[in-house]
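Q: Here are the chains, one letter per residue:
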Amino acid sequence: MSLPRTGIIAATQTQLRPAWDSAQHIDLISAVVTDVFKGTGLTLDDVDFIIDSGSDVLDGRSISNCGFLGALGAHHKEEARVEEDGLWAALYGVNKIRSGSASVGLIVAYSKPSESENIDLYWSSMVEPFYQRPVGFGQKAALGIQAQRYLDAHGIGDADLADLVAKRWAAAAQNDRVAIDAGPDAAAVLASGEAAAPLTDLMVSRPVDGAVAILLGTEDIASRLGRSPVIISGMGTSMETHAFSARTAGGLDSVANAAKMAGDRAGWAAAEADVVEISGSSVVGELLALEALGLADAGKGMDAAMSDKVNRSGGALPADPIMATGLVRLGEAYRQLTQAGSGSPSRAIVHGTGGVAMQTNCVFALEV
Amino acid sequence: MFAPPEAHPLDMETFHSQISMPYTLTPGRAAGTFLAEMPNRRIVGSRFPDGTVVAPAQDFSSTDGEEPEELVQVPETGELTAFTRVDGNVIGLIRLDGCANDFAHRILADLGDLSVGMRVAAKWDDTDETSIMAISGFVPDADAPVGEVKGLVGPAEPLGVIDYSMSLDYQHSYGPYYGRMFDEIREHGRVMGVRTSSGDDALLPPREVDDVTHKRTGTWKACADTGTIRACSIINMEFFGLTREVPYVYAEVVLDGASTRMIHVIEIDDLETAKKNIKPGTRVRAIWTDGERKGRVSDIERFEVIED
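First to last, the protein sequences are chains A and B.
The numbering used here applies: residue 1 is where the first sequence begins, and numbers increase by one.
The numbering used here applies: residue 1001 is where the second sequence begins, and numbers increase by one.
Check each hint, because a few of them may be wrong.
[Claimed, not checked] No more than 20 angstroms apart at the CA atoms, straight line, and that leaves these computed lysine to any residue pairs for SDA-like:
| id | chain 1 | residue 1 | chain 2 | residue 2 |
| --- | --- | --- | --- | --- |
| 1 | B | Lys1276 | B | Tyr1248 |
| 2 | B | Lys1215 | A | Lys167 |
| 3 | B | Lys1215 | A | Thr43 |
| 4 | A | Lys167 | A | Asp181 |
| 5 | B | Lys1123 | A | Lys167 |
| 6 | B | Lys1276 | B | Glu1304 |
[What the hints assert, rightly or not] For each label pair, taking beta carbons as the anchor points, the in silico distance ranges come out as:
| id | chain 1 | residue 1 | chain 2 | residue 2 | range |
| --- | --- | --- | --- | --- | --- |
| 7 | B | Glu1070 | A | Asp297 | 54 to 62 angstroms |
| 8 | B | Leu1025 | A | Asp220 | 47 to 55 angstroms |
| 9 | B | Asp1113 | A | Ser125 | 28 to 36 angstroms |
| 10 | A | Gly193 | B | Glu1013 | 25 to 33 angstroms |
| 11 | B | Val1297 | A | Asp253 | 44 to 52 angstroms |
| 12 | B | Ser1167 | A | Gly193 | 22 to 30 angstroms |
| 13 | B | Gly1291 | A | Ile119 | 32 to 40 angstroms |
| 14 | A | Ala80 | B | Asp1087 | 34 to 42 angstroms |
| 15 | A | Thr241 | B | Ser1167 | 40 to 48 angstroms |
| 16 | B | Val1297 | A | Ser99 | 55 to 63 angstroms |
| 17 | A | Ser101 | B | Glu1066 | 36 to 44 angstroms |
| 18 | A | Lys38 | B | Glu1187 | 52 to 60 angstroms |
| 19 | A | His242 | B | Phe1239 | 28 to 36 angstroms |
[Unchecked claim] Output of the computed footprint for chain A on chain B, the stretches with three or more beta carbons under 8 angstroms from beta carbons of chain A:
| id | region |
| --- | --- |
| 20 | 1169-1175 |
| 21 | 1294-1304 |
Think of the hints as simulated: they come from the structure by calculation, not from any bench.
Even for Gly, the Cβ is constructed at its ideal location relative to N, Cα and C.
Can you build the whole structure from these sequences, using the hints too?
A: What follows is the structure, given as structure tokens:
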């Protein structure tokens, strides 16, 4: 017996901004939860469950989803929160629908990193307190070491990295879902402050505020609602060891594992996708993810990254709503697969990540 | 119509909050011994049954969960395998001699002088602190002899628990609804909510979307500063985070005109009277601060029972 396939019915998001200081979490959340139904013919009454994603540490309150239930539309509904990027919330939702226990699910992720006075402490809370925190080893140091090793191993210069960052910001500046006045050029990327040598500030993903909602349903329901549905045909998730120094230097094995799981299920490999939306915590993280997805050989990620099918939205470098970034990528891929003018793509790969130096990774395969 | 607000009807500053949690962390045998040996200037590692040595010491292999067969003393010399600089501090990975993993620590040198593969040696701080920072960092030392892993002779007792604290500071946005509510409290000393999507009673705190119906809420309404207790508990035990002396009553009060409970406190003189007089259904009134109102729930100092 085959399980029912799951499709994306609708996707929406707020604009992603460095600070949504005129809005609370609940204002962002209720905005997307209201918006996502528009034009679908469905209402909140049709939703069987809600899975949301966020971080108590980022939100500044424990079990923060309890305070957001009303805005989520979760009153007296089945609700669960995933303390991982929103793409895992979608994975949870797809599995609920495929198992037959529900027909329509609402997936929500939100982020307000601007409310943390020192966002480095969010990352610091994830590292080990006896050996790592006292020496200042955290997200930035791990991303810097990852980058230093990558450049050293492949003879790549920071000017190449700056070109890619500038391309991503330019793409995001074309995307009205991201607030950017003007994207920096490569020289400005190089001239931005030092985040973690050799990475400059702009080579590390920019935290932004925002919320995103995705409506999932069985293929049957998704098909009857109008447009040709986007089917989630494969999913995979995998995790690196917490000990950064014990991970494979120069590669993200867990991205490769997750991509293989998703690809085996979908019946096609990530390299065959027409649309690739990935979450790089740094510009080198993005290259490592592309290589692990099988889009390029080790050290050759730049070639794949410059392809127009990769991160047409701009990706995570110009706009990283921490904990929501992967779900934003899912929404962006959905848009590109369903909207005219992007070359009739039929397959997409979506990647989300979490943890220090991209410890956890999740990959979705989509098709129309 | 439900786009998030672009601007406030009134400009409110953000609300500062802090989460500051005291912890007692348990390092366990391996990390506890490592830390206890820091003042003795010995670096402790773990040797696994296959002969692999890792440092700093671990109770379990981070790759396969295997337990080490013994703790060992590892050399304080090694090779630099990777490096970066964050906030002016150079941080590197060091492969200590005889070890199979990399040790993350400060590198006390200019970034430009570093290269992968260079020999480094630990520089000890003059301290008796049981912290990894008893090693100030590692310094380049081209002539550092290659050290050997040795047995850990007479290991110190592992540390039991370590006091630890972490503080996180936030600047929370009010948004237009909380913004007006707190502004009304500050400017006018009144508690305002918004009507539910279909009734006259007010939601406190106010919000754009009704929690129950997920429809837009109604117009603003001033609630009375009198109300009825709907749930309460006498707090007579001290705990971390107390903001006033025990005993007092934690009360959930529905203000007259509101539909939701507001959490506040009632001061009491003695337990027995409180048990008798304060219960669900008891009528209470807000006692506002005599001082300057700041636009906070604490501008209401407390509630007190309305005597018949």
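Q: When you take the CB atoms of A/Lys38 and B/Glu1187, is the distance between them in 52 to 60 angstroms?
A: 37 angstroms, violated
Q: Hinted pair, alpha-carbon criterion (20 angstroms max): B/Lys1123, A/Lys167. Please report holds or violated.
A: Roughly 44 angstroms between the alpha carbons, so the hint for B/Lys1123 and A/Lys167 is violated.
Q: Cβ-Cβ distance between A/Ala80 and B/Asp1087: within 34 to 42 angstroms?
A: 38 angstroms, holds
Q: Please test the hint of 55 to 63 angstroms on the beta carbon pair from B/Val1297 and A/Ser99.
A: Since the Cβ atoms of B/Val1297 and A/Ser99 sit about 44 angstroms apart, the hinted range of 55 to 63 angstroms is violated.
Q: Does 40 to 48 angstroms hold as the CB distance between A/Thr241 and B/Ser1167, or does it fail?
A: 29 angstroms, violated
Q: Falls inside 32 to 40 angstroms, the C-beta gap from B/Gly1291 to A/Ile119?
A: 35 angstroms, holds
Q: Given the hint of 28 to 36 angstroms, check if B/Asp1113 and A/Ser125 actually sit that far apart at their C-beta atoms.
A: 33 angstroms, holds
Q: Straight-line Cα separation of A/Lys167 and A/Asp181 no greater than 20 angstroms?
A: 15 angstroms, holds
Q: Taking a Cβ-Cβ distance under 8 angstroms as contact, does the region 1294-1304 of chain B have three or more residues in contact with chain A?
A: violated (count 0)
Q: Kindly confirm whether 25 to 33 angstroms is satisfied by the beta carbon distance between A/Gly193 and B/Glu1013.
A: At roughly 27 angstroms between Cβ atoms, B/Glu1013 and A/Gly193 fall inside 25 to 33 angstroms, so the hint holds.
Q: When you take the CB atoms of A/Ser101 and B/Glu1066, is the distance between them in 36 to 44 angstroms?
A: Distance hint for A/Ser101, B/Glu1066 holds at roughly 39 angstroms.
Q: Given the hint of 54 to 62 angstroms, is the C-beta distance from B/Glu1070 to A/Asp297 inside that range or not?
A: 42 angstroms, violated
In the structure shown, a violation is registered for the earlier hints numbered 2, 5, 7, 15, 16, 18 and 21, in ascending order.
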